[in-house]
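What follows is each chain in one-letter form.
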Amino acid sequence: MSGNYSVTLLGPAPWGFRLQGGKDFNMPLTISRLSDGGKAAKGGVAVGDTVLSIDGVSTEGMNHLEAQNKIKNCTGNLKPPSWSGPLHSVLLE
Amino acid sequence: MTQIETTVHYDNGYEDEYMLQEEEWDRDMLLDPAWEQQQRKTFTAWCNSHLRKAGTQIENIEEDFRNGLKLMLLLEVISGERLPKPDRGKMRFHKIANVNKALDFITSKGVKLVSIGAEEIVDGNVKMTLGMIWTIILRFAIQDISVEETSAKEGLLLWCQRKTAPYRNVNVQNFHVSWKDGLAFCALIHRHRPDLLDFSKLNKDDPLGNLNLAFDIAEKHLDIPKMLDAEDIINTPKPDERAIMTYVSCFYHAFAGAEQAETAANRICKVLGVNQENEKLMEEYERLASELLEWIRRTTPWLENRTPEKTMAEMQRKLEDFRDYRRQHKPPKVQEKCQLEINFNTLQTKLRISNRPAFMPSEGKMVSDITSAWQGLEQAEKGFEEWLLTEIRRLERLDHLAEKFRQKATNHENWASGKELILIQKDYETATLTEVRALLRKHEAFESDLAAHQDRVEQIAAIAQELNELDYHDIASVNLRCQSICDLWDKLGTLTQKRREALERAEKLLETIDQLFLEFAKRSAPFNNWMEGAMEDLQDMFIVHTIEEVQSLIAAHEQFKATMPEADAERQAILGIHNEVQKISQSYGIKANIINPYSTITTEELLNKWEKVKKLVPQRDGSLQEEMARQHAHERLRRQFAAQANLIGPWIQARMEEIGRCSLEIGGTLEDQMTQLKQMEHVIIAYKPNIDKLEGDHQLIQESLVFDNKHTNYTMEHIRVGWELLLTTIARTINEIETQILTRDAKGISQQQMNEFRSSFNHFDRKKNGAMETDDFRACLISMGYDLGEVEFARIMMLVDPNATGIVSFQSFIDFMTRETADTDTADQVVASFRILAADKPYILVDELRRELPPEQAEYCIMRMPPYKGPGAPPGALDYTAFSTALYGESDL
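The listed protein sequences correspond, in order, to chains A and B. Going letter by letter, the first sequence gives residues 1 to 93 in UniProt numbering. Going letter by letter, the second sequence gives residues 1 to 893 in UniProt numbering.
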């Protein structure tokens, strides 16, 4: 798979993918597993895809925990009062 | 009586008429005696009127002429001519001869005597004699009468008529009755001499008185003797014509003679007048001629004067004088001459007209003299004018030449002034070569200027020469100036030559010096460079690391030393050049500042550098020798090191191999391997002092800055690395074995299994370096029955070679081989462990961590764990799940 793409996954978690890697492991942040029928799978994410940026922020230099947190905390800062739960959107590229 | 016919030939030819008139009076033959008487009276009186002049008279006309003597005398008197000498004889024939002489004479006068012979006369024939006398009277008294072209009788008649014309009561028609009243005679008298009678008082009726009056007056005052008798005339009805004619002819002769005398006097007066006039003219001519000749005589020398004047102005004045002469003075003289000629011609003409002999001017005043004098004058004039013009031209030319000379001389003098001073300058003594060359160029220009002036000087001399030839009046000053110009010219020539020589000499010298300078520059520069190079080289900091290098440096230095004598020679030569220059400039007295334009290098500089070089040579010798010693020392160190290294290196190698062998071996248990390895470890550790010693040697070498060692291929680093590698290898290998043991124990892998793993691994470790490459691993997996897709293989590779080193170690291999059987999710285990600690909460609290874990690990967790964001979490709750998954690098999100 070549070519960058961006995907927006609507929250909440789980999004159905396993994140692997990070600077502390000296491995790029990649998708190592997908849950069938999960949001990630539906969103077009594939196993082996590299996460280049999360919510517009480059993943270069991020360790696993940072990436994990970033993904979890990805929010659009929009919280309309009518919505009952937090809106999470994840931008994966 | 017959009328005597006498034919008298006259020129007028009136004889016939005359004869007729005579025949009319044939009736008067009756009067013959009276007529004869009258004639006799009258003719006698007439003859006597003439003979008295000869002092004789006749009484009786028929008698006194009979001998012919008185006849001849009469003829002589009335003719004024001499007759032939009469014969003085008394004889008849003498008389006849004499009478014939007379008659011949008469005949000779053109009278044809008809029937008159000498004999009748000698015989005393009255009629013959009277006839002869009448012939004489006719011929000599009447014949020559000419009045208004009428001659003889008619003429006499005409004369009477003319003379008496004013008198009204007088009418003369003939020579007989017209005279009877006497008035005619009176009229004649009164006409000519009114003082003798008063005609108005006369009366026609008194013919006697009139006649007598007339006869008296005539006798008294007119010297006409009485020839007629008054009473005879009155009493005769027709007086004798011949007698009347004879008497009247006397009147004619008296008055006409008087008249003639008057006329003659008038003529004489006229002639005299003419003469006088002529004489006057002649005098005039003479005078004019004299004057003219005098004038010519005076003027000619002036015209012939060829005294030249000095100036053109004076000559021009002379020309002006000449012009004046031509315009003012000469014309009147020309006129005079013309007048003279005219006068002369007029005079000659007058003389010719008046039958005078031609005028012969006096000596020297003749026409030819005048003409020639005049010609001479005009010649002189022409000559003079020519001379004037020539002179003026000459003077003009002289003036022009003199001015030209002056101008050219002045120009030349102006040009030449100051040139002498310039030429004797000694400016070349202090000039440089370029300056001298420039001076030479300037001098060349001057020389050509001089040459250009050469012909100008020649021109000046030529003009002076011409002035000399043309006899210029101020030639002295011209010559003086010319001389000074020529002298100066020669001088300039000489000086020019001298200066040229001096300049050329200076140029040559300076050129020689320049050449020497150039030589100096050419040689001193490279020499200087060589010395500088030498100095640099001699002081050259060298870094040598081998003895050979030092040796070559020493050799080079020796070579250099060998060139020193040559160099010194060169130095001497260069110095020699400089000295040469000094010598030349001294000996030729070049006062200019001689500096070398080609080089800034001085001899002092050269000398200094040479001294330095000379000093540096032995210095270098010393340095090189020192270095040599050092190099030798280094070499020793090298050898030492090398010897050592050459022992250690292979020893380490051997140990490495040993270890390799050991780890690859399959026989024996891991414990056996371990023991072996541990033994090896001991050996290795025991060997360390060697390494230390080598390090010591190496330090020495390094301190000596020896960087290479050809005696050994082993560098210290090599040995070090090798040693460390050996240490690590042995440690790692031991560790590996330990790990294998652990793994074996942990995973319960039997020795046999281990050996199998080992054998597989070794088999696929194609390169036999204790690790499998990716392809090796893949082959291995395939051999083990794994049906691998790319994805799966990649996943496996990631597990086995998480660091993507491209090799799979035995340990990883074992891990992989053993992992597949296990189904451990280590991240979950950790999460499970934390859950236990968190008492099953999804989060853990700080003090729980501190309580359960050792402080260090607790703090680690506290720092790293992200805050728990789940519901119902107290502040400070930590998300251990995220943390755990993050630990393994795998998070499920």
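Note that these hints are calculated values from the structure, not bench results. Check each hint, because a few of them may be wrong.
As the list claims (entries may be wrong) - So the derived label-pair ranges between C-beta atoms look like this: (1) B/Ser833 - A/Asn26: 20 to 30 Å; (2) A/Lys42 - B/Glu790: 49 to 59 Å; (3) B/Asn762 - A/Gly61: 22 to 32 Å; (4) B/Glu790 - A/Gly61: 50 to 60 Å; (5) A/Val57 - B/Asp708: 46 to 56 Å; (6) B/Lys688 - A/Asn26: 17 to 27 Å; (7) B/Met863 - A/Asn26: 15 to 25 Å; (8) B/Ala686 - A/Val57: 48 to 58 Å.
Owing to the predicted nature of the structure, the values given are computational and were not obtained by experimental measurement. Glycine included, each C-beta is placed from N, C-alpha and C at the ideal position.
Results for each hint:
| no. | hint | result |
| --- | --- | --- |
| 1 | B/Ser833 - A/Asn26: 20 to 30 Å | holds, 25 Å |
| 2 | A/Lys42 - B/Glu790: 49 to 59 Å | violated, 24 Å |
| 3 | B/Asn762 - A/Gly61: 22 to 32 Å | violated, 40 Å |
| 4 | B/Glu790 - A/Gly61: 50 to 60 Å | violated, 29 Å |
| 5 | A/Val57 - B/Asp708: 46 to 56 Å | holds, 53 Å |
| 6 | B/Lys688 - A/Asn26: 17 to 27 Å | violated, 34 Å |
| 7 | B/Met863 - A/Asn26: 15 to 25 Å | holds, 21 Å |
| 8 | B/Ala686 - A/Val57: 48 to 58 Å | holds, 57 Å |
In summary, the structure is inconsistent with hints 2, 3, 4 and 6 from the numbered list given earlier, while agreeing with the others.
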